[in-house]
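With chain A held as given, fit chain B onto it using these hints.
Chains A and B, in that order, are what the protein sequence lines are.
12 is the number of the first residue of the first sequence in my numbering; add one for each residue after it.
82 is the number of the first residue of the second sequence in my numbering; add one for each residue after it.
To be clear, the hints were calculated from the coordinates, so they are not data collected in a lab.
Note that the structure is predicted; figures quoted are calculated from it, not measured.
Glycine included, every Cβ here is placed at the ideal spot set by N, Cα and C.
Warning: the hint list may mix true and false statements.
[Said to hold, decoys possible] Partial selection, computed: residues in chain B whose CB lies under 8 Å from chain A: (1) 128; (2) 133; (3) 137; (4) 452; (5) 453; (6) 456; (7) 519; (8) 522.
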Amino acid sequence: MIPLRWWGAVWFIGVLALLVLGVPSPPGPLEVRQTGVVRNLLPGDVRELRGVIDNPNWLPMTTVRLEAEVTATSEPDCGPEFFAIEGSPLELERAVDPGRANAVWSGLHISLVPAATAEDACQGVEATIDYTLR
Amino acid sequence: MRHSASRKRHGRRKASAGNRRRLLLLPALLLSLVLGLPTTALAYWTTTGSGQRTAPTATLAPPASVTATSTTGSNSATITWSASPSGAPTGYRVERSANGGGSWTTACAQASYPTAGSCTDSALANGTYQYRVVALKGSWTAPLAAANPITITRDTVAPTVTVARASGQVTPTRTQPMSFTATFSETVTGLTAAGVQVSPGTGVQGTAVVGVTGSGTTWTITVGGLSSTSAALNGGTVTVSLLANAAQDVGGNGSLASTGSTNVVTLDTTGPVAPIAPVLTTASDSGVSSTDRITNAANLVFSSTASGTGTGTVPADAANVRLYHDSTASGAGTLVNATPATVSNGNFSITHTAPTEGVHYYSLVYADALGNLSAQGPRLMVTVDRTAPAAPTVTGATQRLTGLLSADVTASGAYSNGTNDAGSVRVYACTGAAANCTVGTALANGSTTTLTGGVYSATASVGGLLPGVLGQFTVIVTQTDIAGNVSAPSAPRQATTVP
Numbered sequence: 012m013i014p015l016r017w018w019g020a021v022w023f024i025g026v027l028a029l030l031v032l033g034v035p036s037p038p039g040p041l042e043v044r045q046t047g048v049v050r051n052l053l054p055g056d057v058r059e060l061r062g063v064i065d066n067p068n069w070l071p072m073t074t075v076r077l078e079a080e081v082t083a084t085s086e087p088d089c090g091p092e093f094f095a096i097e098g099s100p101l102e103l104e105r106a107v108d109p110g111r112a113n114a115v116w117s118g119l120h121i122s123l124v125p126a127a128t129a130e131d132a133c134q135g136v137e138a139t140i141d142y143t144l145r
Numbered sequence: 082m083r084h085s086a087s088r089k090r091h092g093r094r095k096a097s098a099g100n101r102r103r104l105l106l107l108p109a110l111l112l113s114l115v116l117g118l119p120t121t122a123l124a125y126w127t128t129t130g131s132g133q134r135t136a137p138t139a140t141l142a143p144p145a146s147v148t149a150t151s152t153t154g155s156n157s158a159t160i161t162w163s164a165s166p167s168g169a170p171t172g173y174r175v176e177r178s179a180n181g182g183g184s185w186t187t188a189c190a191q192a193s194y195p196t197a198g199s200c201t202d203s204a205l206a207n208g209t210y211q212y213r214v215v216a217l218k219g220s221w222t223a224p225l226a227a228a229n230p231i232t233i234t235r236d237t238v239a240p241t242v243t244v245a246r247a248s249g250q251v252t253p254t255r256t257q258p259m260s261f262t263a264t265f266s267e268t269v270t271g272l273t274a275a276g277v278q279v280s281p282g283t284g285v286q287g288t289a290v291v292g293v294t295g296s297g298t299t300w301t302i303t304v305g306g307l308s309s310t311s312a313a314l315n316g317g318t319v320t321v322s323l324l325a326n327a328a329q330d331v332g333g334n335g336s337l338a339s340t341g342s343t344n345v346v347t348l349d350t351t352g353p354v355a356p357i358a359p360v361l362t363t364a365s366d367s368g369v370s371s372t373d374r375i376t377n378a379a380n381l382v383f384s385s386t387a388s389g390t391g392t393g394t395v396p397a398d399a400a401n402v403r404l405y406h407d408s409t410a411s412g413a414g415t416l417v418n419a420t421p422a423t424v425s426n427g428n429f430s431i432t433h434t435a436p437t438e439g440v441h442y443y444s445l446v447y448a449d450a451l452g453n454l455s456a457q458g459p460r461l462m463v464t465v466d467r468t469a470p471a472a473p474t475v476t477g478a479t480q481r482l483t484g485l486l487s488a489d490v491t492a493s494g495a496y497s498n499g500t501n502d503a504g505s506v507r508v509y510a511c512t513g514a515a516a517n518c519t520v521g522t523a524l525a526n527g528s529t530t531t532l533t534g535g536v537y538s539a540t541a542s543v544g545g546l547l548p549g550v551l552g553q554f555t556v557i558v559t560q561t562d563i564a565g566n567v568s569a570p571s572a573p574r575q576a577t578t579v580p
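The following block holds chain A by itself, in its conformation from the complex (with noise of 0.2 Å):
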């Protein structure tokens, strides 16, 4: 049992502490998933992108807004400027609980921009998502 005389140098040792060492390390970045399947993504299709946002740090973390870009396709002939992302940014401004899957977002939408050229080369391609929290 401490003594009651020693409750106040334990809390300034404490408070000391948490100033010298318990000051938080920068956090860990969020991670974003997207969880709504886009297959067989057509001309002039319009499909609805949504996710998750897991929070690895062991603090609530803010966020602001996201951002979603079609980055790279597997097909050089049919590259990025063939697709479209409505809704980006988006804004995003809410607490993220540590832990997965504590924030979901939706309202971003894909879209094969129908072109009057032939978009054959796009036919079959794998488009990459890339996802931004800001």
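Frame of chain A, contents of chain B only:
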């Protein structure tokens, strides 16, 4: 993927540089840790993040079962296909190549073929063509699906046609519709009534009603709605032919105008002129007169005017005759001869077997060889009377010597004066007992005596008498009516001698 990975690394750097500590909130954080407040409410870190996912696009499949066909001689091709098995095309485009696939042009547009189907590519020149069908989805086209090459060798020869009476179509005829057969030199389509020309000859009137059926090279044309005029007793001709371009062959060539010499039918819908009244033959007109048509004949024979006693002649186009009895003023009555009597050389004979007693009215109707009937002729009244009158009465009988061996025996009395009874009476003179006096035993009989006034007086002259006979005559009297029916003998009566 390298690009994506680079972005991820970049994101992490931005995350390290961008983290900010909000030191002013540190005591609150510590307090929350101590007091156990919900951590969400105390989120004071704003951070970055990233993620990545792929989105595969679809693949549009070509249509299946693409075929191209063309009828020999046709200048068109038909391309068929079934739906693409995947990719949900919104349309198809049929393309044609005339140079072995070197270049392609659109044969059928997309808008016309939103689904699987067929396309008819027409007006092709002679040559060999290839077709392919392209599935379309937005700006996508499916891998091309090719059909078998086909060769177009267009028929450029116009079909010829002959028109003739159809099998079984007789001429002349009174029956409509009349049938004709159009035989083309090759398979044609498109023949309608508009391509049929009906030419009525003199004596034919009306508006032709034309029907057309058939396919291939043989077509049937029917023509009705016509009639012959009343003046044309033998009808008139109807000629059927086909106009040029009345039908088209597979190559689109119009047919030539028809030929043929048996494309004519004589149409006769007019009956003979109305007959006169029938004539009762003299042999059938018994009794007082052979022309009074009061008879007791068992059967009545009527004849044509040529063999009878009437006037007029049978018209030339009358082939047979129907006799009606009990005709009314407006109707034909009852047909006597179910089988019409044939007119031969202008003559005919019709027997009405066993007509009943009474008054009958007879009339004739002619028919021509086609069955066209004439109007009903006027009526002839014939009285059939087979009933004998009652025996006359003898109220007086005398005998007067007229020579050395002859005498006149006269009877007088009343006769039966019913309808048609007043024909004549005949006196029969007998010798011997009165009870033995009969028509058969009479020595003599008198000539018939015309009756009038209800009483008669008739005489029988008897010759070759033996001496002493005079004073022994008995008389009986019979009456014959107008139809020739003879009554029973009267009661015998002894004659008295007069000077």
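Right, here's what the structure says about each hint:
Checking residue 128 of chain B against chain A by beta carbon gives a least distance of about 5 Å; that is within 8 Å, so the hint holds. Given the 8 Å rule on beta carbons, the hint for residue 133 of chain B holds: about 5 Å separates it from the nearest Cβ of chain A. About 5 Å separates the beta-carbon of residue 137 of chain B from the nearest beta-carbon of chain A, less than 8 Å, and the hint is met. Interface restraint check: residue 452 of chain B against chain A, minimum CB-CB distance 78 Å, threshold 8 Å, status violated.
A cut of 8 Å between beta carbons decides the hint on residue 453 of chain B: the least distance to chain A is about 78 Å, and the hint is violated. Against a cut-off of 8 Å between C-beta atoms, the interface hint on residue 456 of chain B is violated, since the closest Cβ of chain A lies about 85 Å away. At a threshold of 8 Å, the smallest CB-CB gap from residue 519 of chain B to chain A is about 131 Å, leaving the interface hint violated. The beta carbon of residue 522 of chain B is not positioned within 8 Å of any beta carbon in chain A (closest approach about 135 Å), and the interface hint is therefore violated.
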